[in-house]
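J.: So the protein lines, in turn, are chains A and B. Per our numbering: the first sequence = residues 1 to 206. Per our numbering: the second sequence = residues 1001 to 1228.
Treat the hints with care, since some could be wrong.
[Stated by the list, open to error] No farther apart than 30 Å at their CA atoms in a straight line, the calculated lysine-lysine pairs in the DSBU-like style are these:
| # | chain 1 | residue 1 | chain 2 | residue 2 |
| --- | --- | --- | --- | --- |
| 1 | B | LYS1097 | A | LYS9 |
| 2 | B | LYS1011 | B | LYS1173 |
| 3 | A | LYS180 | A | LYS170 |
| 4 | B | LYS1173 | B | LYS1184 |
| 5 | A | LYS88 | B | LYS1097 |
| 6 | A | LYS165 | A | LYS180 |
| 7 | B | LYS1129 | B | LYS1097 |
| 8 | B | LYS1098 | A | LYS9 |
| 9 | B | LYS1011 | B | LYS1129 |
| 10 | A | LYS9 | B | LYS1055 |
| 11 | B | LYS1184 | B | LYS1011 |
| 12 | B | LYS1098 | B | LYS1173 |
[As the list claims (entries may be wrong)] Here are the in silico distance ranges between beta carbons for each label pair:
| # | chain 1 | residue 1 | chain 2 | residue 2 | range |
| --- | --- | --- | --- | --- | --- |
| 13 | B | ARG1019 | A | GLU155 | 53 to 59 Å |
| 14 | B | PRO1193 | A | VAL109 | 41 to 47 Å |
| 15 | A | MET1 | B | LYS1098 | 35 to 41 Å |
| 16 | A | ASP205 | B | LYS1173 | 45 to 51 Å |
| 17 | A | ALA6 | B | ARG1020 | 34 to 40 Å |
| 18 | A | GLN4 | B | SER1024 | 40 to 46 Å |
| 19 | A | ALA93 | B | PRO1104 | 52 to 58 Å |
| 20 | A | ASP160 | B | LYS1098 | 24 to 30 Å |
| 21 | A | ASP205 | B | PRO1193 | 29 to 35 Å |
[Stated by the list, open to error] Partial selection, computed: residues in chain B whose CB lies under 8 Å from chain A:
| # | residue |
| --- | --- |
| 22 | GLN1002 |
| 23 | SER1028 |
| 24 | HIS1039 |
| 25 | TRP1086 |
| 26 | SER1091 |
| 27 | ILE1105 |
| 28 | VAL1139 |
| 29 | ASN1140 |
| 30 | GLU1167 |
| 31 | LEU1171 |
| 32 | ILE1172 |
| 33 | LYS1173 |
| 34 | ILE1177 |
| 35 | ASN1179 |
| 36 | LYS1184 |
| 37 | LEU1205 |
Think of the hints as simulated: they come from the structure by calculation, not from any bench. Glycine residues also receive a C-beta, built at the ideal position from the N, C-alpha and C atoms.
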Amino acid sequence: MPQQIAYLKETASQTAGPYVHIGLIPHMAGFDIFQNNFGGVLAGADTPGEPIAIEGRVIDGTGSLVRDALLEIWQADANGHYAHPADKRDAAAGFRGWGRTGTDFDSGVYRFDTVKPGRTPWRNGKISAPHINVWVVARGINIGLQTRIYFSDEEAANADDPVLKAIEHKSRVPTLIATKQDKPGKATYTFDIVLQGDNETVFFDI
Amino acid sequence: MQPPAYQPIYKTSVARSPRRALLSLDQSLGEITGPVFGHNDIGMLDNDLIRNYAKSGDPIGERIIVHGRVLDECGRPVPRTLVEFWQANASGRYRHKKDTYLAPIDPNFGGCGRTLTDENGYYYFRTVKPGPYPWRNYVNSWRPAHIHFSIFGTGFIQRLITQMYFEGDPLIKTCPIVNVVPDKEAIDRLIAPLDINAAVPDDCLTYRFDIVLRGRRSTLFENRLEGN
């Protein structure tokens, strides 16, 4: 009988449910309670980098809009530095790199206002294309789904990205690439997340 | 063990579960890092649901404290991490514009809060015990009393949302959402025992809920990071 290694077991995930807004974005639930609220605006006018917006929808296996999803994003600053102690390089002052928002109850659209991230170190000396990590929870999602947003105007970097290159089914790569909208003003990217079915977004086991 | 995405006993999961396999991702800096929160982010009453929405008095219901520790799989405490929680009121009604259950809103109860773990990974908050409520899954489905938890950990890989249940609640065993978890022991770890020794006499009962986040995977052989 070999020795047993006494690890604890990760707490089981449960769905965020239909009323996730109460706890995490109470203004969407219809009330105001905290002095400081977390939201979908990551960068202000003083944040270094190119201001961008990301907009999109979450779509279920029937093609219907998911109007009760909560999304969080995590990203590096414009220089590719993360605001976290494990990244020894300083991130831009005041840039947390994280935000959360919900899909709108009527339109089903979510939106983040941030700056475009720089390229970040990957493993073994390789470099990632600019990307944003995304985490989606909602009623009916038993464990949060992790995906990534890449940018349609970073073709060369995307072609060399170690994660995109690791996707065996190349037809699925475009599901991770946000499309730059052709309109003046702040650069805005569309990133729809398809939970199931045709063009199902690639989700990661990280 | 984590629940599979597709669990038809929980009907909403049928159309909201990916059909393709998840792609295993080699972790890099973007996964082992995550947002950092501090005391400036939260207010003095944010961990007191009895007072943080009080308008004309205390909320109605069973006064309780919920406390515990946030640890990783190696048993190490996760200090200074954000723990958020939300729940229905004592009669099972949520303060949410989409909740139309006939039980009344409590004018003195918001139903959400948050706190940071201390140096030892410890957290606590004060609230009233939530009531069960009906939902449209099967024709007579009722959720057990539960509190939703959201925990960050030190990296985005540890991000977790779960639900805490209360010891002895007979609705736990019939609930499709509980039973999406395929492992009975994992379900048992979602059930907070009554912690009578930590009760406040003449004031509050206490429940204990420890949370375990994923351990950081070793990268020892790859680039010799410290702290494995």
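J.: Would you mind marking each hint as holding or not holding in the structure?
T.: So, going through the hints one by one against the coordinates:
1. Distance check on the hinted pair: LYS1097(B) and LYS9(A) sit about 36 Å apart at the alpha-carbon level, beyond 30 Å; violated.
2. About 17 Å separates the Cα atoms of LYS1011(B) and LYS1173(B), which keeps this hinted pair within 30 Å; it holds.
3. Only pairs whose Cα atoms come within 30 Å are accepted, and LYS180(A) paired with LYS170(A) is accepted, the gap being roughly 21 Å.
4. Among the hinted pairs, LYS1173(B) with LYS1184(B) is consistent with the structure: their alpha-carbon atoms are about 10 Å apart, no more than 30 Å.
5. A threshold of 30 Å between alpha carbons decides the hint, and for LYS88(A) with LYS1097(B) the separation of about 44 Å lies outside it, so the pair is violated.
6. The straight-line distance between the Cα atoms of LYS165(A) and LYS180(A) is roughly 21 Å, inside the 30 Å bound, and the hint therefore holds.
7. The straight-line distance between the Cα atoms of LYS1129(B) and LYS1097(B) is roughly 21 Å, inside the 30 Å bound, and the hint therefore holds.
8. Proximity of LYS1098(B) to LYS9(A) is assessed by CA-CA distance (about 35 Å); at most 30 Å being required, the pair is judged violated.
9. Between the alpha carbons of LYS1011(B) and LYS1129(B) the distance comes to roughly 27 Å, so the proposed pair stays at or under 30 Å and holds.
10. Between LYS9(A) and LYS1055(B) the alpha-carbon distance is near 41 Å, which puts this suggested pair outside the 30 Å criterion.
11. At most 30 Å may separate the alpha-carbon atoms for a hinted pair to count; LYS1184(B) and LYS1011(B) meet this at roughly 21 Å.
12. Straight-line distance between C-alpha atoms of LYS1098(B) and LYS1173(B) comes to about 27 Å, which keeps the hinted pair within the 30 Å bound.
13. Between ARG1019(B) and GLU155(A), the C-beta spacing of about 29 Å breaks the proposed range 53 to 59 Å.
14. The given range of 41 to 47 Å is respected by PRO1193(B) and VAL109(A), whose C-beta atoms sit roughly 43 Å from each other.
15. Separation of MET1(A) from LYS1098(B) is about 54 Å and departs from the stated range, judged on CB atoms against 35 to 41 Å.
16. Checking the proposed 45 to 51 Å range against ASP205(A) and LYS1173(B) shows it is violated: the Cβ atoms sit about 30 Å from each other.
17. For the hinted restraint 34 to 40 Å between ALA6(A) and ARG1020(B), the CB-CB distance of approximately 35 Å keeps it satisfied.
18. Roughly 26 Å separates the CB atoms of GLN4(A) and SER1024(B), a value that falls outside the hinted 40 to 46 Å.
19. As the Cβ distance of ALA93(A) to PRO1104(B) is approximately 47 Å, the hint placing it in 52 to 58 Å is violated.
20. In this structure, ASP160(A) and LYS1098(B) break the distance hint of 24 to 30 Å, their C-beta atoms being roughly 45 Å apart.
21. Checked against the given bound of 29 to 35 Å, the beta carbons of ASP205(A) and PRO1193(B), roughly 32 Å apart, stay inside it.
22. The interface hint given for GLN1002(B) holds, since its Cβ lies 5 Å from the closest Cβ of chain A, which is under the 8 Å cut-off.
23. Annotation: interface hint on SER1028(B) holds; nearest CB of chain A at approximately 5 Å, less than 8 Å.
24. Taking 8 Å as the C-beta contact cut-off toward chain A, the hint placing HIS1039(B) at the interface is violated, the least distance being around 11 Å.
25. Because the beta carbon of TRP1086(B) sits about 3 Å from the nearest beta carbon in chain A, less than 8 Å, this interface hint is met.
26. Annotation: interface hint on SER1091(B) violated; nearest CB of chain A at approximately 15 Å, more than 8 Å.
27. A least Cβ separation of about 10 Å between ILE1105(B) and chain A goes past the 8 Å threshold, and the interface hint is therefore violated.
28. Checking VAL1139(B) against chain A: minimum C-beta separation of about 18 Å lies over 8 Å; hint violated.
29. The restraint placing ASN1140(B) at the interface with chain A is violated, with a minimum CB-CB distance near 18 Å, outside the 8 Å limit.
30. About 16 Å separates the beta-carbon of GLU1167(B) from the nearest beta-carbon of chain A, more than 8 Å, and the hint is not met.
31. For LEU1171(B), the shortest C-beta to C-beta distance to chain A is roughly 14 Å, which exceeds 8 Å, and the interface hint is violated.
32. Interface hint status for ILE1172(B): violated, as the beta-carbon distance to the closest one in chain A is roughly 12 Å, over 8 Å.
33. A hinted interface residue such as LYS1173(B) counts as satisfied when its beta carbon comes closer than 8 Å to some beta carbon of chain A; here the least separation is about 15 Å, so the hint is violated.
34. For ILE1177(B), the interface hint holds, the least distance from its beta-carbon to any beta-carbon of chain A being 6 Å, beneath 8 Å.
35. Interface restraint check for ASN1179(B): the shortest CB-CB distance to chain A comes to about 11 Å, outside 8 Å, so the restraint is violated.
36. At its closest, the beta carbon of LYS1184(B) sits 11 Å from a beta carbon of chain A; the interface hint therefore is violated under the 8 Å criterion.
37. Because the beta carbon of LEU1205(B) sits about 22 Å from the nearest beta carbon in chain A, more than 8 Å, this interface hint is broken.
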